[in-house]
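Q: Put together the whole structure using the sequences plus the hints.
2 protein chains.
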Amino acid sequence: MKRLRALLVAICAGTMLFIMVDAKAARPSLILTAEGVEAIRKSRQARQTYPLFEAAFEDAKARVERSIAEGVLVPTPVDPGGGYTHERHKENYKVIHDAGILFQLLGDKRYLRHATDMLLAYAEIYEDLPLHPVQKRQSPGKLFWQNLNESVWLVHVVQGFDAIADALSDKDRAIIEDHLLRPVADFLSLQNPETFQKIHNHGTWAAAGVGMTGYALHDPSLVERAVLGLTGDGTSGFLAQLDQLFSPDGYYTEGPYYQRYALMPFVLFAQAIDHNEPERKIFEHRNGVLLKAIDATIQQSYAGKFFPINDAIKEKGLDTQELVYAVAVAFSRTGRNDLLSIADYQGKTVLTGDGLTVARAVSEGAGQSFAFRTMMLRDGPDGDQGALAILRMGDGPLAQTIVAKNTSQGMGHGHFDKLSYILYDNGREILTDYGAARFLNVPSKDGGRYLLENQSWAKQTIAHNTLVVNESSQFGGDWKRAQKYWPTVRYFEAGERLNVVSASLENAYPDTVIERTVVQLDHPAFAAPLLIDVMSASSQEKATFDLPFYFDGQIVDFSGALQANTESRKPLGQAHGYQHLWVEATGQPTNGLLRFSWLNARRFYTLHAVAPEKTKPVFVRTGANDPDFNLRDQQGLILRSNGRKAVRFLSVIEPHGIYNPAAEFTAGSDSQIARIDHVFEAGADLIKIEMKTGEIIRLAISNDPDSEKTHRILSAGHEWAWRGFVTVLEEE
Amino acid sequence: MKRLRALLVAICAGTMLFIMVDAKAARPSLILTAEGVEAIRKSRQARQTYPLFEAAFEDAKARVERSIAEGVLVPTPVDPGGGYTHERHKENYKVIHDAGILFQLLGDKRYLRHATDMLLAYAEIYEDLPLHPVQKRQSPGKLFWQNLNESVWLVHVVQGFDAIADALSDKDRAIIEDHLLRPVADFLSLQNPETFQKIHNHGTWAAAGVGMTGYALHDPSLVERAVLGLTGDGTSGFLAQLDQLFSPDGYYTEGPYYQRYALMPFVLFAQAIDHNEPERKIFEHRNGVLLKAIDATIQQSYAGKFFPINDAIKEKGLDTQELVYAVAVAFSRTGRNDLLSIADYQGKTVLTGDGLTVARAVSEGAGQSFAFRTMMLRDGPDGDQGALAILRMGDGPLAQTIVAKNTSQGMGHGHFDKLSYILYDNGREILTDYGAARFLNVPSKDGGRYLLENQSWAKQTIAHNTLVVNESSQFGGDWKRAQKYWPTVRYFEAGERLNVVSASLENAYPDTVIERTVVQLDHPAFAAPLLIDVMSASSQEKATFDLPFYFDGQIVDFSGALQANTESRKPLGQAHGYQHLWVEATGQPTNGLLRFSWLNARRFYTLHAVAPEKTKPVFVRTGANDPDFNLRDQQGLILRSNGRKAVRFLSVIEPHGIYNPAAEFTAGSDSQIARIDHVFEAGADLIKIEMKTGEIIRLAISNDPDSEKTHRILSAGHEWAWRGFVTVLEEE
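These protein sequences, in sequence, are chains X and B. Position 234, counted from 1, in the first sequence is what the working numbering calls 234; the numbers after and before it change by one each time, with no gaps. Position 390, counted from 1, in the second sequence is what the working numbering calls 390; the numbers after and before it change by one each time, with no gaps.
Incorrect hints may have been included.
Put simply, identical chains are the same to the list, so a pair is met inside one copy or across any two.
With a straight-line Cα cutoff of 27 Å, these simulated BS3-like cross-link-like pairs (lysine-lysine) come out [what the hints assert, rightly or not]: (1) Lys90 - Lys305; (2) Lys688 - Lys614; (3) Lys616 - Lys570; (4) Lys90 - Lys692.
No wet-lab data here; the hints were simulated from the structure.
A: Printed below as a string of structure tokens:
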């Protein structure tokens, strides 16, 4: 089936690779293949239609018919993201892509004609285009303000071309190849070496565009450039991207928002490679890291939305087009039925053989609920740069989920939020992560770019549920320095009734060590799992320690007296994000237990905190120093301890009750916990939770990963003994 | 079928009424009837099951089985709303109700036994109970803190009794009748004459409970008391409630939130009357006002939620149990198929013959989309106390909807918000009404009662989208005075492309007349209808006029320079709700056009305002002087004009564009309007809207309801002539 025409040998990452380029494979051969076309045609002839596939089919038809009605619109590029020419060129690449595929599937020459006209119109102008007049800081494009968009354009357009190439006249095909596709590929590689050689999603998109063009044009040199980089030695290019950007667990160092985006060129180019050169076994590369990455992307979501860690638009979720491709590919390669529930949620699939397979399986009812699980996703190319811990407890996709961010910085889009966590419960985000300060593609909001407040607020440590020392961000807010350090995961355990992750962080602050242990405990005395959190820090000097909890919902109760700033408000500080927080109210310095309850939609939550002596509770709200109304509204409670060298905060978060105003029904709006005691002795924590019913739950944390050792702690005259990092103590 | 045993003659509201009480009708005969039982049994025997009915059936079974497992729990009443004993007694009335009905439908004696045991347990304690220890300000109950709950309890419990009465031993029946039902009925009427005689939903509930007890106990005197009041002359009682609480259009003076609640005793007691004494033709009373009221309740909703005017919990919507009853009754009496879409939305029905009819019709696919329409609901017993105008434009249930509140005060739960409006668009509330400050049944929020902030903020004029004069509320915030006045609706017109309502208000402020004309215009130049709003006021003295727009969403653009209070915030004022508003930013005094855009979910909105010279824009946010965090977060823009005797504000609200961050697609985020001019001359408004495309739209408002007169206005040398209150002018 595949005929060999060229054989290149190269050394890449210490491995001998045989690069075999079939210069004249049967087209189409990128994502849609000749076999896929046949399967789809047969299925349609047999009138076997499947809703997910039909949805994609109808979308494509509507898009192309609309474009045919409008005529060929290839405007001179002038607008930034969100503007007319930007959106037009985005739409055009989809039109060319879809028209090519529809021509393959239906054989309708109107689609061939339209795709050809579009491509010729671009070929007419492309080479003479100057750089885009509105240039992003780096790496401008010609059709778009940044060449990233141009790579995405090429990845789509070349698929449309691949689908019609054999039906083109030699003249038209030569014009399109020589005056459009090859120039774009050269522009994105030879003329933009910095982007092309970057180990970064921009580089992956460029490699995918260039490499897929190589296959479509039967040009092995373009494929080689894409796979092994400009210098041909594998120090850049697709394989280097695949080796360095994903951890062995398939975690992408920038986090799920960019993982979703980065996944698409990886998946598409890998598909194209596999269709043209299956001998490369690209999907088996690094123990199948690409399929692991697809699974990891889905795992990093709750209620359909991605965990919004690092720079992330919170609306993004599993139904994005990138994941539609990924799920189709993963299902057809693994046959994992639980992927079908994701496809079903997406409501559509892709117009390829894989898409048909998925759509058919969903229609036949083969789907199962996706296997969301408790897991640790190690970060770093070698998996030794911290980890994202996902703790889940309960049944189904909306099981309570804790996301502990013990990863590395994640480059320029990373936030200074090590050891922070997000709590999801009952289908909603309860303790929240702000995500990015950005309104995607809204021109009046700085052209849809990241806003200044993304730097001044969203990235800063105080914007997250983690400890801040002396009102400054981790690593002084310098991401290049932050990039060199990461937390050490001391312990991780996933159990049926108890999950735990513990990590420590050095170097974020001078001479300071921070440790956090997060336990998720399912106990029969409670309707929902408890989150138990021990956050400690020790420093050489006396310091101010701020531990924030950003909650979503309405404050309904607080245990102490509050001094509310009812007549005037001031910001909490001057820099590192503090300037954006209004101080709404301050509590009395506490000794002992502090209790705070809020209502989120239909459930109540109570935070019980045993904080260091004289800790001051401060209620804050975003919005200070925000003259352009760029921030969203977000409330938080900060526990502030002043003038100590070491602190140890115990926080227990208890979901309880039900609030149903529609049915006028409320129950369990009070916490069931009467009292919590916390003893820390000889390195171990003993936590005693006393229920209002009198029942007592004792949790012991040895802070020692050695599972063989026996630990002892003396409390109120009783000696407790146990083994393991954390355990629920039972009375003898 | 119905045998006559007693014949009473009474005079009520000038009409001769024959009150015929059948002292021994075949039980059950209240809501569930013997015929209904037979139909349901037959349907189940034939294995004809319908999801809506089965949902109700399974709910009831689960509830009663749970209660049987728990045993009879009739605690001594101690807790206020939301507390244990309160919720327990609420649950119990549902258990007794459901157990009785299940006994009828299934013949299972376990249900008979449980209902009997429950009733006997209550009979054991009821007479000796003192008034509830936690008494609401007025009208305490014995089982509950207010006797309103006790009426609701009786309405349910007597239905359960009615269903089992004929199966009880004579002894048990006598105990329950003499030591429970009759004492409760007497307590709610004879011993609480003030509530019982009040023309108010509390009175309706009491009348329904007492009257239904009369039918169940075959006691005509109780029925008479309920129908004609304590004095038997019709000055109070059910008929008086029906005559005075609803307007001829079926509008309930307190607004939809209480209409929904009040509807239930009306519907239930009317059903019971009709089942026992069809001769009364109660559903035909006042031209079928009860069925009109059911329709009006549904009309007063958007996206399933009721318009939150006056004291209202915003979560309440069409799926509340009250509406489930109402829809079942209305469908079985009218056969209106569009009611079935509401039943379908509710997802359940009631366990009666009517319920079966609805469930069957839904299952057979007979449903049609509910006929939401543009309409005016006149307020007041005679329909002459203002009106609620509902303007709708577009297709389907999510068509753009404007709710203009030109009604009377609506008694103690009314807000001082005459001439305000709410704008719904694209499925969401865009210009909002705060609703009530209350967390229903949350003990830590003042026991779930209306909070102090309901008075200090939610009711005040400044909390609404209407004009405030001199920083004080309409009628000085005195509802009893406000109760005497209402707006005059000058004009109302519903058209295919243009809806309009215009009203004027006197007496709200000394020597001040306020007028507002709201136009909803569907014009081909725009993707969605425009809201065009002319608000004017004239006063004897120079005054400060504040016109607020409370918007939901993120500010994305503003036409002028803003002075943001970035480092410190102060409240806008000291009283009448102003003390709760933080001043976020102030704009420069404007001359000419002011433009403000915000983003709500997936659509952009731009307010174009042509305000009086030197009007100052002020951005505000709730939260000042709110020490207990009782307020929700709400942003607004206030247009403030100072030092004039007369003002005229033109506001045009333009929905535009689409924002889709999941698909990374944004379009039309800029307004399409380049400029707006407003000429007011000889009593007429000429509004010129100039599009960015150059197209011009001219709207003329004559402010004259006389449709025969020709109006003329001179503008820029051109004389325009037209007929009618409002018109789109076409160039000759």
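Q: For each hint, tell me whether it holds in the structure or not.
A: Now the hints, each set against the structure:
no.: 1; hint: Lys90 - Lys305; result: within (24 Å within a copy, 38 Å between copies)
no.: 2; hint: Lys688 - Lys614; result: within (21 Å within a copy, 64 Å between copies)
no.: 3; hint: Lys616 - Lys570; result: both (17 Å within a copy, 24 Å between copies)
no.: 4; hint: Lys90 - Lys692; result: between (60 Å within a copy, 24 Å between copies)
Comparing the model with each earlier hint shows no violations; every hint is respected.
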